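Listed below, chain by chain, are the residues.
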Amino acid sequence: MTLVRVPPPIEQDVDLSKTYDAVIVGSGAAGGMAAHVLTTHGLQVLMLEAGKKLPIEQELRSMQWPYDHPRRGDAPPGSHHLSFNEYTIRKPPYAKGAAFKHVYSYVGGWSGSDYVKNILVDEKDHPFTGTNYAWVRARCLGGKTNIWGRLALRLSDYDFKAKSHDGYGEDWPIAYADLEPYYDKVDLYLGISGVKENLPHLPDSQFQRPSKLNAGEVKLRESLKKSGQVLTPYRAGVTTDGLKHNKYRSKCYGRGACDRRPGGCDIHAVFDSPTGLIYPAMDTGHLTVRPNSTAHEMLVDKNTGRARGVAFLDSVTHKSYEAKGKVVILAASTLESARLLLLSRSPQHPNGLGNSSGHVGHNFCEHVMGPGVTGLIKELVGKPHTLDDGRPGGFYIPRFRNLKDRQPGFIRGYGYEGNSGHSMFPAHVMDTPGFGGQFKRSVRDHSGAFISMGAFGEVLPRYESYVDLDPETKDAWGIPVLRFHYHFSDNERKMAEDMVATGREMLEAAGIEVVGTDEKVLTEGWSIHELGTARMGNDPKTSVLNQFQQSHDVRNLFVVDGSSHVSASCQNPTWTIMALAWRSCDHLADEFRKGNV
Amino acid sequence: MTDAPKHPESLSRRDMIAATAAALVTPLLQGGAVSLQPVAGVPGKFLTAAEYALLDELTELIIPADDHSPGARVAAVAAYIDGRLAESLEPDWQAKWRSGLQAVDGLSRELNAKPFLEATPDQRVAVLTRMAAGEADPKTAPERFFGELKGWTARGYYTSKIGIHLDQEYKGNVYQRGEFAGYDAK
Numbered sequence: 001m002t003l004v005r006v007p008p009p010i011e012q013d014v015d016l017s018k019t020y021d022a023v024i025v026g027s028g029a030a031g032g033m034a035a036h037v038l039t040t041h042g043l044q045v046l047m048l049e050a051g052k053k054l055p056i057e058q059e060l061r062s063m064q065w066p067y068d069h070p071r072r073g074d075a076p077p078g079s080h081h082l083s084f085n086e087y088t089i090r091k092p093p094y095a096k097g098a099a100f101k102h103v104y105s106y107v108g109g110w111s112g113s114d115y116v117k118n119i120l121v122d123e124k125d126h127p128f129t130g131t132n133y134a135w136v137r138a139r140c141l142g143g144k145t146n147i148w149g150r151l152a153l154r155l156s157d158y159d160f161k162a163k164s165h166d167g168y169g170e171d172w173p174i175a176y177a178d179l180e181p182y183y184d185k186v187d188l189y190l191g192i193s194g195v196k197e198n199l200p201h202l203p204d205s206q207f208q209r210p211s212k213l214n215a216g217e218v219k220l221r222e223s224l225k226k227s228g229q230v231l232t233p234y235r236a237g238v239t240t241d242g243l244k245h246n247k248y249r250s251k252c253y254g255r256g257a258c259d260r261r262p263g264g265c266d267i268h269a270v271f272d273s274p275t276g277l278i279y280p281a282m283d284t285g286h287l288t289v290r291p292n293s294t295a296h297e298m299l300v301d302k303n304t305g306r307a308r309g310v311a312f313l314d315s316v317t318h319k320s321y322e323a324k325g326k327v328v329i330l331a332a333s334t335l336e337s338a339r340l341l342l343l344s345r346s347p348q349h350p351n352g353l354g355n356s357s358g359h360v361g362h363n364f365c366e367h368v369m370g371p372g373v374t375g376l377i378k379e380l381v382g383k384p385h386t387l388d389d390g391r392p393g394g395f396y397i398p399r400f401r402n403l404k405d406r407q408p409g410f411i412r413g414y415g416y417e418g419n420s421g422h423s424m425f426p427a428h429v430m431d432t433p434g435f436g437g438q439f440k441r442s443v444r445d446h447s448g449a450f451i452s453m454g455a456f457g458e459v460l461p462r463y464e465s466y467v468d469l470d471p472e473t474k475d476a477w478g479i480p481v482l483r484f485h486y487h488f489s490d491n492e493r494k495m496a497e498d499m500v501a502t503g504r505e506m507l508e509a510a511g512i513e514v515v516g517t518d519e520k521v522l523t524e525g526w527s528i529h530e531l532g533t534a535r536m537g538n539d540p541k542t543s544v545l546n547q548f549q550q551s552h553d554v555r556n557l558f559v560v561d562g563s564s565h566v567s568a569s570c571q572n573p574t575w576t577i578m579a580l581a582w583r584s585c586d587h588l589a590d591e592f593r594k595g596n597v
Numbered sequence: 001m002t003d004a005p006k007h008p009e010s011l012s013r014r015d016m017i018a019a020t021a022a023a024l025v026t027p028l029l030q031g032g033a034v035s036l037q038p039v040a041g042v043p044g045k046f047l048t049a050a051e052y053a054l055l056d057e058l059t060e061l062i063i064p065a066d067d068h069s070p071g072a073r074v075a076a077v078a079a080y081i082d083g084r085l086a087e088s089l090e091p092d093w094q095a096k097w098r099s100g101l102q103a104v105d106g107l108s109r110e111l112n113a114k115p116f117l118e119a120t121p122d123q124r125v126a127v128l129t130r131m132a133a134g135e136a137d138p139k140t141a142p143e144r145f146f147g148e149l150k151g152w153t154a155r156g157y158y159t160s161k162i163g164i165h166l167d168q169e170y171k172g173n174v175y176q177r178g179e180f181a182g183y184d185a186k
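Note that the protein sequences, when read in sequence, are chains A and B. Under the numbering used here, the first residue of the first sequence carries the number 1, and numbering increases by one thereafter. Under the numbering used here, the first residue of the second sequence carries the number 1, and numbering increases by one thereafter.
Hints in this document: simulated from the structure, not taken from any laboratory. It is possible that some hints are incorrect.
[Claimed, not checked] Residues of chain A placed beyond 10 Å of chain B at every Cβ, according to the derived structure: (1) Leu54; (2) His81; (3) Glu86; (4) Glu170; (5) Arg221; (6) Gln229; (7) Asp301; (8) Phe425; (9) Phe439; (10) Ser489.
[Said to hold, decoys possible] Quick list of in silico lysine-lysine cross-link-like pairs, BS3-like style, CA-CA up to 25 Å: (11) Lys378/A with Lys171/B; (12) Lys251/A with Lys171/B; (13) Lys45/B with Lys212/A; (14) Lys53/A with Lys91/A; (15) Lys225/A with Lys101/A; (16) Lys324/A with Lys212/A; (17) Lys171/B with Lys383/A; (18) Lys101/A with Lys96/B; (19) Lys196/A with Lys117/A; (20) Lys101/A with Lys45/B; (21) Lys161/A with Lys185/A.
Since the model is a prediction, treat every value here as computed from it, not as a measurement. Glycine included, C-beta positions come from ideal geometry on N, C-alpha and C.
Given only the sequences and the hints, what does the whole structure look like? Please build it.
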């Protein structure tokens, strides 16, 4: 089957002599959304992306069978993906002294590491120092939206007003009611699939057709229902009914095997920033994109202290350039945006741009993951094999801890992501002992009979969890790198224990035999949900940005990515990043018209 | 086949598998890549002829042909592993395989007083059984090699056409029209 594919729009020439209305640094979920909203309002926008613009359809090869790839999807010799052991035993920079030609982060799926080699950065060129951290970076147009896990969740006032609820940390300067209309806009513009559950702590979206559950998942859902708990089909940032207003994206055809690839979808039913946001913004005629542009400093006007543009190097030639803008928007990712602010020191901003509070790089938080359970559904053993993975994801069990109850060991909560049923590769093969005919039959009979789920928990923001600039180490472009000062705490460890114990109880209550548990907490950073290094707040002394992600210190500087989040919630951040960016850019466009920025 | 009379319109399951297997395997045979017969006397890209024949036999013993689907030999698992070894830039990994295969022969001499491929089928199984005995906690060289051998055999087999389509009868990676498979969450 061949789908009609619409080629990317013609690119506008970059004119660096011109002062653009806005210069955006970064092209992921946040940068893409800023470009979409601002161009819709008629602003002239220049977007700088450090990586290349990939011919993404060729890159993803979403339906390639493993046997049609020379290494069954594995990366070529000389390429190495870091393992959990390496992240744990060694210290960053992880690629230092490595014999391999290229070293990448762990991302790659069970047989898909060759498909991310041009999306992920080579750790050799992009070192960092300090404490252990599995930092996954994607430098290419669209950034990590090219490989994201697709789980698209809303936050609620249990998150925005978490301090009011349990006394820890800070409340956000907004409430759910402020963001709800923007979540709706994101849902309708990009498409999301799911089922309404009417939960106060996980508000429903404007859903398109949900994906379905399979036999094992229905069994667990029915059992949980008896105790008032919820298992809902994966809320995926995927258009299942199609989007009439976007010619670059197809609806989902349930081709599945989405877990085999690290997220990418060559028909763009899955949201990615290029086809979902950037190409339509280019079609307005107001957006110019310059890939291969490594920003290294936000420039300020000597007299006013206001932002005036961005200094960048051509990523390929290493030549220096400046882009000028009336407004500068950082959307380079939580950690890269913090790095850029810290790199932008000037007489008016000696601690880095927008950092009079000293909070840039601090209050760094994310999700803790690793703990989980696997169960065997006995009645499915030996049953005919069915199509179970033709969908963007399995299921989600929303947070249930510390909503009405108060756990003795930890505050906040976690949710489980999981799935059951057949997949292309029988992952249980190495847990099936022995060899020979009996072994082969056992692998076959047990295929599709397992259910597994892993938890994502909220990591508390702490001032002591931070990044700063390493005084010595530089990246391949000569730019100082980040140094991490970041560890999980007791709250996360206690929560991790509960994740395993509760997961076990859930499966057992459903009559599912628990055959495996993961107690291991994965290295900091593994969730790829880093947040909070330039948090919003009403007090300029303890926060970096106001409720519109606008710098307290520099009013024409906005930071619209995950760095603005005040706390991590346990719900995945991408949809919130985009709803916030939409709200802030609406505000910005309004202020721009009034001449206030 | 007991279910054949109930479904007279369809091919029996065994016929269907045989037909599909032939369709899948024929192009491979024409390419000269694999044989239904054991590999003999032909060196691999990395392994010697003797090592390659030994590996081919080991993979087939781990995932043998049965009445459901062909085994690792027809799925050309040894050729896949040999190919990966040949292009590897990691001498340690290559050496691990070379010494691992030697350890298998060593164990066979110890148990059967002859190299693995000269032993009887039962004797060969006895060697693998000994290697697999320490699967949960490998201690000796042959036990340690068993995990490596089994892991790569499984990867090679279950990512092959035969493993995915004939053995696992995987149904996905296709365009679905209309209603998707599964159950509504109600």
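Results of checking the hints against the structure:
1. The Cβ of Leu54/A lies farther than 10 Å from every Cβ of chain B, with a closest approach of about 23 Å, so its non-interface assignment holds.
2. At roughly 14 Å from the closest C-beta of chain B, the C-beta of His81/A stays outside 10 Å, upholding its exclusion from the interface.
3. Every C-beta of chain B lies more than 10 Å from that of Glu86/A, the closest at about 15 Å, which supports listing it as non-interface.
4. At roughly 36 Å, the least C-beta separation between Glu170/A and chain B is larger than 10 Å, which holds for a residue marked as non-interface.
5. For Arg221/A, the shortest C-beta to C-beta distance to chain B comes to about 6 Å, within the 10 Å cut-off, and the non-interface label is violated.
6. At roughly 14 Å, the least C-beta separation between Gln229/A and chain B is larger than 10 Å, which holds for a residue marked as non-interface.
7. With a closest Cβ-Cβ approach of about 52 Å to chain B, Asp301/A is found to remain outside the 10 Å limit, as its non-interface label requires.
8. Non-interface call for Phe425/A relative to chain B: violated, since the shortest CB-CB distance, roughly 6 Å, does not exceed 10 Å.
9. Once the 10 Å rule is applied to beta carbons, Phe439/A is inconsistent with being away from chain B; the minimum gap is 7 Å.
10. In this structure Ser489/A is separated from chain B by more than 10 Å, as the shortest Cβ-Cβ distance comes to about 34 Å.
11. Distance check on the hinted pair: Lys378/A and Lys171/B sit about 21 Å apart at the alpha-carbon level, within 25 Å; holds.
12. For the given pair, Lys251/A sits about 20 Å from Lys171/B by alpha-carbon distance, which is consistent with the 25 Å threshold.
13. A hinted pair counts as satisfied when its Cα atoms are at most 25 Å apart, and Lys45/B with Lys212/A does not qualify at roughly 46 Å.
14. For the suggested pair Lys53/A and Lys91/A, the alpha carbons sit about 32 Å apart, so the restraint of at most 25 Å is broken.
15. Under the criterion of a C-alpha separation no larger than 25 Å, the hint pairing Lys225/A with Lys101/A is inconsistent with the structure, at around 52 Å.
16. Straight-line distance between C-alpha atoms of Lys324/A and Lys212/A comes to about 49 Å, which puts the hinted pair past the 25 Å bound.
17. For a cut-off of 25 Å, the pair hint linking Lys171/B to Lys383/A stands: about 14 Å separates their Cα positions.
18. Under the criterion of a C-alpha separation no larger than 25 Å, the hint pairing Lys101/A with Lys96/B is consistent with the structure, at around 22 Å.
19. The hinted pair formed by Lys196/A and Lys117/A fails the criterion: a straight-line CA distance of about 37 Å is larger than 25 Å.
20. For the suggested pair Lys101/A and Lys45/B, the alpha carbons sit about 23 Å apart, so the restraint of at most 25 Å is met.
21. A threshold of 25 Å between alpha carbons decides the hint, and for Lys161/A with Lys185/A the separation of about 23 Å falls inside it, so the pair holds.
Hint compliance for this structure: hints 5, 8, 9, 13, 14, 15, 16, 19 are not met, and every other hint is.
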